[in-house]
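Peer 1: Below are the chains, spelled out letter by letter.
Number of protein chains: 2
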Amino acid sequence: MAQAPGLQLAERQAQIAALMRDGQARLCAAFEELEAQGAAEAETQQAGRFLSSTWERPGGGGGTSRVLTEGAVFERAGVNVSAVSGEQVPPGIASEHPGTAGNPYFATGISLVLHPRNPYVPAFHANFRYFDVGGDWWFGGGMDMTPTYGFEEDATFFHRVLKDYCDRHSLVYYETLKQACDRYFYIKHRQEMRGVGGIFFDTLQPGGPEGWEQAMAFVQDGIDTILAAYVPLVQRRMTTPYGRRERNWQIYRRGRYVEFNLVYDRGTAFGLQSGGDIEAVLMSMPPVARWDFCYQPEPDSPEAGLVAFLQPRDWVAN
Amino acid sequence: MAQAPGLQLAERQAQIAALMRDGQARLCAAFEELEAQGAAEAETQQAGRFLSSTWERPGGGGGTSRVLTEGAVFERAGVNVSAVSGEQVPPGIASEHPGTAGNPYFATGISLVLHPRNPYVPAFHANFRYFDVGGDWWFGGGMDMTPTYGFEEDATFFHRVLKDYCDRHSLVYYETLKQACDRYFYIKHRQEMRGVGGIFFDTLQPGGPEGWEQAMAFVQDGIDTILAAYVPLVQRRMTTPYGRRERNWQIYRRGRYVEFNLVYDRGTAFGLQSGGDIEAVLMSMPPVARWDFCYQPEPDSPEAGLVAFLQPRDWVAN
Chain A
1 MAQAPGLQLA ERQAQIAALM RDGQARLCAA FEELEAQGAA EAETQQAGRF LSSTWERPGG
61 GGGTSRVLTE GAVFERAGVN VSAVSGEQVP PGIASEHPGT AGNPYFATGI SLVLHPRNPY
121 VPAFHANFRY FDVGGDWWFG GGMDMTPTYG FEEDATFFHR VLKDYCDRHS LVYYETLKQA
181 CDRYFYIKHR QEMRGVGGIF FDTLQPGGPE GWEQAMAFVQ DGIDTILAAY VPLVQRRMTT
241 PYGRRERNWQ IYRRGRYVEF NLVYDRGTAF GLQSGGDIEA VLMSMPPVAR WDFCYQPEPD
301 SPEAGLVAFL QPRDWVAN
Chain B
1001 MAQAPGLQLA ERQAQIAALM RDGQARLCAA FEELEAQGAA EAETQQAGRF LSSTWERPGG
1061 GGGTSRVLTE GAVFERAGVN VSAVSGEQVP PGIASEHPGT AGNPYFATGI SLVLHPRNPY
1121 VPAFHANFRY FDVGGDWWFG GGMDMTPTYG FEEDATFFHR VLKDYCDRHS LVYYETLKQA
1181 CDRYFYIKHR QEMRGVGGIF FDTLQPGGPE GWEQAMAFVQ DGIDTILAAY VPLVQRRMTT
1241 PYGRRERNWQ IYRRGRYVEF NLVYDRGTAF GLQSGGDIEA VLMSMPPVAR WDFCYQPEPD
1301 SPEAGLVAFL QPRDWVAN
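Going down the list, the sequences are from chains A and B.
When we follow my numbering, the leftmost residue of the first sequence carries the number 1, and every step to the right adds one.
When we follow my numbering, the leftmost residue of the second sequence carries the number 1001, and every step to the right adds one.
Hints in this document: simulated from the structure, not taken from any laboratory.
We treat Cβ as the ideally placed atom computed from N, Cα and C, and that holds for glycine.
Errors might be hidden in some of the hints.
[To be verified] These stretches of chain B come out as covered by chain A in the derived footprint (C-beta under 8 Å, 3 or more residues):
(1) 1067-1081
(2) 1153-1159
(3) 1200-1207
(4) 1216-1228
[As the list claims (entries may be wrong)] Calculated from the model, a selection of chain B residues having no Cβ within reach of chain A, i.e. all distances over 12 Å:
(5) E1043
(6) E1087
(7) N1103
(8) Y1173
(9) G1255
(10) G1276
(11) D1277
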């Protein structure tokens, strides 16, 4: 027996919102476990713990930011979840999705940004989101990695895990979403990539009677893949010794992260313009960043090779 | 005897470009003198010196960036001068100035940004610029100040010098240009002012036979006023003792400076989009900036009062 569309919609919204909340809890628990490992190894650093901050949106809904600061492994780790609804879809969404203007909408998402302490551990970003308005719906999301030092085996591992994840759902996903990621995380004014890429999708809405369930399964598996794709690399690099040189380079490269987020990132621009919770929007900012005028790494140094290392390439060829 | 318009135009361009170059030389010399004073007082810090970097624009013209790094007084001081010309006015300019499209243009300007080491010394920004295209011309510019700690007497001094400067040229300038500055240097997503303001003008083109000479005199006097408005405040505060607390607050507040420049500043946006010399465009960035999640200064601390202190007000009422 077919369900009434309204009931089905409400059930779907509850299901996806629960997925996001549950993902936040599991991810934060896993990162705190990493912190305990890191603190045990480091001796001088204490394990970081997540603090929570909840905000409500006057129009309906709200969110919870969980942020860990000055940990043994992560200088900053943030995991945001939000679920908001309203009577009128925001103009920016309506203009990109014809026929949705004036309709009520629902949106939920999870986003996380990890800025590790050790310069050999790559920074990491992921988000997954769901939107429905007036009978239309779509999912978005992705994850990408931003190393300060380029290790072929790390980038290959990361992309291999992402390809396996994509292939479980569709054999065309990885190549398409990998290219979309390379197009998106580009710092145009520097002609540099932000990192080694990953996967990115803006409007996933498979057709067919099982379309919603298929997209939902892809996003659910994506949230589960975050830890599989990243944690082994953190464990591999988090005890590598480093000094002032590597630390300075890390903080300098974080300036590029700031430039990308404030100049190009659409989620950040939307958050700043829509007057959402500014601290949650800017949770993605690194704890500290440098700008050095006309800085060039020494020729043939490990630092000098990074920008070339980040050029888009096929990481899983074989 | 009237001059041919082309000859007059070329003479004007040479005159204003020379003013900018000469301003750069004098300003850098004055800041190096401040550095020598600061180094003599600090003992542990060496006087900073400006390094030069010259760039050429393939289409015509170029510029010189002069940057001082890690000085005794300034953590970073940058003074840029450029003079460029081309056969076709850029689309962004043409759209704002009807009738100029397709015409050759000439643009020259000076801009400076000073990020002091001592958190009690305010950061400072100024620029003056000139544009002509197809018989039309205009000047722009201004200067503003960004304290980390609010001192009434410093803001009053600064605005008093600016008002005296404006009043020498027109009694309506100060009030108008002060309000324009308050409108411009606003961090909308934070609902905060960037600093205590100053003066700002986008399109100054006085009419009448002496219009050009009047505007030129205002800009010339403006460049001369930079030192009068700012140097006494540097000298007043540069030896005030400070510790880690004040330094952290300074670096945190510099995050706001980064947010303004990358999200709102039109000159920065134009520079990033037009593919100019990126290091010269981003010379305005602070050497180092922090973001602390949900940071709030302690109630009733000197830091807690800053945002309220920066609210626009009449600094020269008496």
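Peer 1: Each hint: holds or not?
Peer 2: Hint check:
no.	hint	verdict
1	1067-1081	holds (count 4)
2	1153-1159	violated (count 0)
3	1200-1207	violated (count 0)
4	1216-1228	violated (count 0)
5	E1043	holds (24 Å)
6	E1087	holds (24 Å)
7	N1103	holds (27 Å)
8	Y1173	holds (33 Å)
9	G1255	violated (7 Å)
10	G1276	violated (9 Å)
11	D1277	violated (10 Å)
In this structure, the earlier hints numbered 2, 3, 4, 9, 10 and 11 are contradicted, and the remaining ones agree with it.
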